[in-house]
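K.L.:
Letter by letter, the chains look like this.
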Amino acid sequence: MPDRAPIIQVCQLRKSYDVGEERIHALKSVEVKIHEGEFVSIMGPSGSGKSTFMNMIGFLDSPSSGEVYFKGRRIIGFSKNQLATLRNTKIGFVFQQFFLLPRTSALDNVMLPLFYSNVDKTMWIKRAQDCLAQVGLLDRQDHHPSQLSGGQQQRVAIARALVNNPSVIMADEPTGAIDTETGLSLMQLLQELNANGTTLILVTHETDIAAFAGRRLTFRDGNLIHDGYSEPSNASVELQKYRATPQLSIH
Amino acid sequence: MRIIELIKIALTALRINLMRSVLTMLGVIIGVAAVIVMVALGAGAQREIDRQLDSLGGNIFIVMNNYRRQGTVAKARGTIQKLSVKEQQFIETDVPGVDRAGASLRSQGQIIFGNINWRTEIDGIDNGAFIARNLNILEGREFTDREQRSAAKVVILGATVREELFGAGEALGQIVRINDFNAKVVGTLKVKGQSMWGSDHDDRALVPLETVRKRITGVSKHSPKSVSYIAVKILDGYDMVLAEADISSALRISMKIPPGESDTFRVRNMSEIYAANAESEKIFNSLLAAVAAVSLIVGGIGIMNIMLVSVSERTSEIGLRMAVGAKPSDILTQFLVEATTLCCIGGFLGIVGAVCATFLIESYANTAAVIEYHVIAISFLFSAVIGIFFGYYPALKASKLQPIEALRHE
Chain L
1 MPDRAPIIQV CQLRKSYDVG EERIHALKSV EVKIHEGEFV SIMGPSGSGK STFMNMIGFL
61 DSPSSGEVYF KGRRIIGFSK NQLATLRNTK IGFVFQQFFL LPRTSALDNV MLPLFYSNVD
121 KTMWIKRAQD CLAQVGLLDR QDHHPSQLSG GQQQRVAIAR ALVNNPSVIM ADEPTGAIDT
181 ETGLSLMQLL QELNANGTTL ILVTHETDIA AFAGRRLTFR DGNLIHDGYS EPSNASVELQ
241 KYRATPQLSI H
Chain F
1 MRIIELIKIA LTALRINLMR SVLTMLGVII GVAAVIVMVA LGAGAQREID RQLDSLGGNI
61 FIVMNNYRRQ GTVAKARGTI QKLSVKEQQF IETDVPGVDR AGASLRSQGQ IIFGNINWRT
121 EIDGIDNGAF IARNLNILEG REFTDREQRS AAKVVILGAT VREELFGAGE ALGQIVRIND
181 FNAKVVGTLK VKGQSMWGSD HDDRALVPLE TVRKRITGVS KHSPKSVSYI AVKILDGYDM
241 VLAEADISSA LRISMKIPPG ESDTFRVRNM SEIYAANAES EKIFNSLLAA VAAVSLIVGG
301 IGIMNIMLVS VSERTSEIGL RMAVGAKPSD ILTQFLVEAT TLCCIGGFLG IVGAVCATFL
361 IESYANTAAV IEYHVIAISF LFSAVIGIFF GYYPALKASK LQPIEALRHE
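These protein sequences, in sequence, are chains L and F. Each residue of the first sequence is one higher than the last, beginning at 1 in the numbering used here. Each residue of the second sequence is one higher than the last, beginning at 1 in the numbering used here.
Hint data in this document are derived by calculation from the structure and do not stem from the laboratory. Note that CB positions come from ideal geometry on N, CA and C, so glycine has one too. Errors might be hidden in some of the hints.
[Unchecked claim] Selected chain F positions facing chain L (Cβ under 10 Å, derived; list incomplete):
1) Thr-12
2) Glu-317
3) Leu-320
4) Ala-323
[To be verified] Below are the EDC-like pairs computed for lysine to aspartate or glutamate, each with C-alpha atoms no more than 16 Å apart in a straight line:
5) F/Lys-400 with L/Asp-61
6) L/Lys-80 with F/Asp-330
7) L/Lys-121 with F/Glu-5
8) L/Lys-80 with F/Glu-405
9) F/Lys-225 with F/Glu-210
[Said to hold, decoys possible] Covered stretches of chain L, as calculated for chain F (at least 3 residues, CB under 8 Å):
10) 54-61
11) 83-89
Starting from the given sequences, assemble the full structure and let the hints guide the process.
P.N.:
Set out below in C-alpha cells:
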C-alpha cells in the first residue's frame, strides 16, 4: 500500500496561534503521507493538535509554514476560491455537531454542496437521493433535522459529505454526540464506504473508535508521536456483540 | 449560482425568523409609503395650482389702487388719484398688446329671492371684464351696452349664489331684490372654483358697473368715476414684462403723476401671485418628502442591524457552507440577496400601503393626491438599493470569515 502515490502529503507542517501574549504551537513540524483508499484515524488528547491537523489537510485552515500536497499538487498559495472549489469537489466533511441547516429537509441538506458545484441541476435530486439511500435514510428525505434522531442527523451529514463524490471524507469526532450503538452503526457505515474505495480520515479521542481504522496517527503536544498500521476491528461484528450484551439500566 | 435558488434560500431564512423579518421590513414599508404619499400629495397640490393658474389665465394683470401715503405727509383729500373708468379705457385703447381691459367696482349686498336671503359680493363690472377676467356665461347672456350705460337693474349670478337662491329651479328671468332695488336675472356664470386662499370665486353677483355706483355705493364727489380695480388681459404670446411696463407708464400719464412721485397704483400679475404661493407649497412638500426619505434611511439602518445579527447568529451556517465549497463571493451574494429580498418585499408592501393611504386621503380628507408611476418605480428601486447598500457591510463581513473560525463559532 505505501508504494502508491499519496493523496495527501504534508511536509514540515507547522501551525501556531497567538492567544493574548502567548504563542501556542498547535503543530510542530509534522510529516505525513496518506494514500488513496486508506482509513486513517487521528488520535490524541484534546489540545494535541489532531483537529488542527485535519483542518490543514481539509483546507479549512492554512498552516503557518510547511507544505501541503493534494494528489501531488502544491496547495500553499491557493486562493480562497481555489480552496473552496477543492473542498467542494474533493473533500466531504462530517462534524461532531452535524451542522445541518435547520428547517431544511434532509434532501435539501444533502444537496447543499451541489449548490456550489458545477453539477447539472437536473442531477441534484437524484444524486442526493442516492446518497440518502446509501446511508439508509431515503424514507426520511422530507424530514427536517429536528424530526430526526442524532444518529440519523449524522447519517444525513455523511450523505451530504458523499454527494459530490469526494476523494476523501474527513470526520471530526463523528460519534462524539451520539450514543454507543448508533456510533457503532455509523462506524459500520464508514467502513463500508472505505471498502468501496473512499479514503477516510477520522479524528477521535476514543481508542475503540480509532480501532476501526487500519492506520492510526497519534498526536501529542503538536507532534506526531505514533504512526502505525494494525488490523482494524470490524464494526458490524462489534455492533452485533454490543447488541448481544445486556446493558445496565438505571432505574 | 442561481439567483432563483438564492431567493429561495433568502425566503427560507426570512421565514425562520418571521416576526423579526416583518418588524424589520416595517421600517422600509413605512419609509416607502411615506415617500410615495408625500410625493403624491405634492403632485396633487401642484396639479391644483396648475388648474388655478389655467382658470385665472397666466396673461392677466390686475391694476389696483395703492393707498400708501407718500412720505409722512397725508395728502389733502381728493388729491390722491384713484383708478377710474378713464384709466380702463386708456389701457384698452392706447397700450399695445392689450386684448381687453375690464373695470370692477366691488361692494357687498344682500340678495333676496322669496324668503331666501343671501349675503354676497356685488361686483359691478363693465363688459370688458367678461373677457379680461375669464367670466363665462352658463345660462342667459352678458349685459348689453345699453344696460351698462343706464345702470340697469339686471344681474348675473355666480354659481354659488344661483344654487343658494334657486337650487335646481329656473333662475333666468326671475326678479331678485338686491339691497333696496329689484333686479332681473339675465344670466348665470360657469363654476370657477375656489381660490388658493379658500375664497369662493362663485359666491358673487355681477351687475353693470354703474348700477353699483348709482344704486349701492353712491357717487363719490371727489372721484365720480372711480373703480376698485382693472383687469387687463394681454394678447396671447405678447411679452408680459413689456406689457406691464407699458401699462405702468400709460397709467402715470393718464393719472398725471409727476416724474419722481411714486405710483398710486399697483400692477400685479395673478399668475405671479399664485406662483409665489405655489413655490412655498412646493418647498413645504419637498421638506415632507425629505423627512419621509430620512425615515426610509432609518429603515435601511434597521435592515443593516438585523443583517448583522443574522450574520453573527448564522456564523456556523456560513462556516458549513464554506466547508462544503461556498466561495466568499457566494456568501456575499447570499446575504446581499437576503437583505435585498427583505427590502423589496418591504418596498412592495409600502407601495400597496401608499396606494391605499392615498386613496383614503383623497376620499376622506378632500385633498388631491396624484400617484405617478415613475414615483412607484423609483421608490421600489430605491428600496432595493437600500437593501444592497445596507446589506453590503454585513454580507461582506460574513464573506470574510475563515471557514474554520466560522465553524467553531458558538
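K.L.:
None of the hints should be skipped; say for each whether it holds.
P.N.:
Cross-check of the supplied hints:
no. : hint                     : verdict
1   : Thr-12                   : 7 Å, holds
2   : Glu-317                  : 6 Å, holds
3   : Leu-320                  : 4 Å, holds
4   : Ala-323                  : 5 Å, holds
5   : F/Lys-400 with L/Asp-61  : 13 Å, holds
6   : L/Lys-80 with F/Asp-330  : 12 Å, holds
7   : L/Lys-121 with F/Glu-5   : 11 Å, holds
8   : L/Lys-80 with F/Glu-405  : 14 Å, holds
9   : F/Lys-225 with F/Glu-210 : 9 Å, holds
10  : 54-61                    : holds (count 4)
11  : 83-89                    : holds (count 5)
Of the hints listed earlier, there is not a single one the structure fails to meet.
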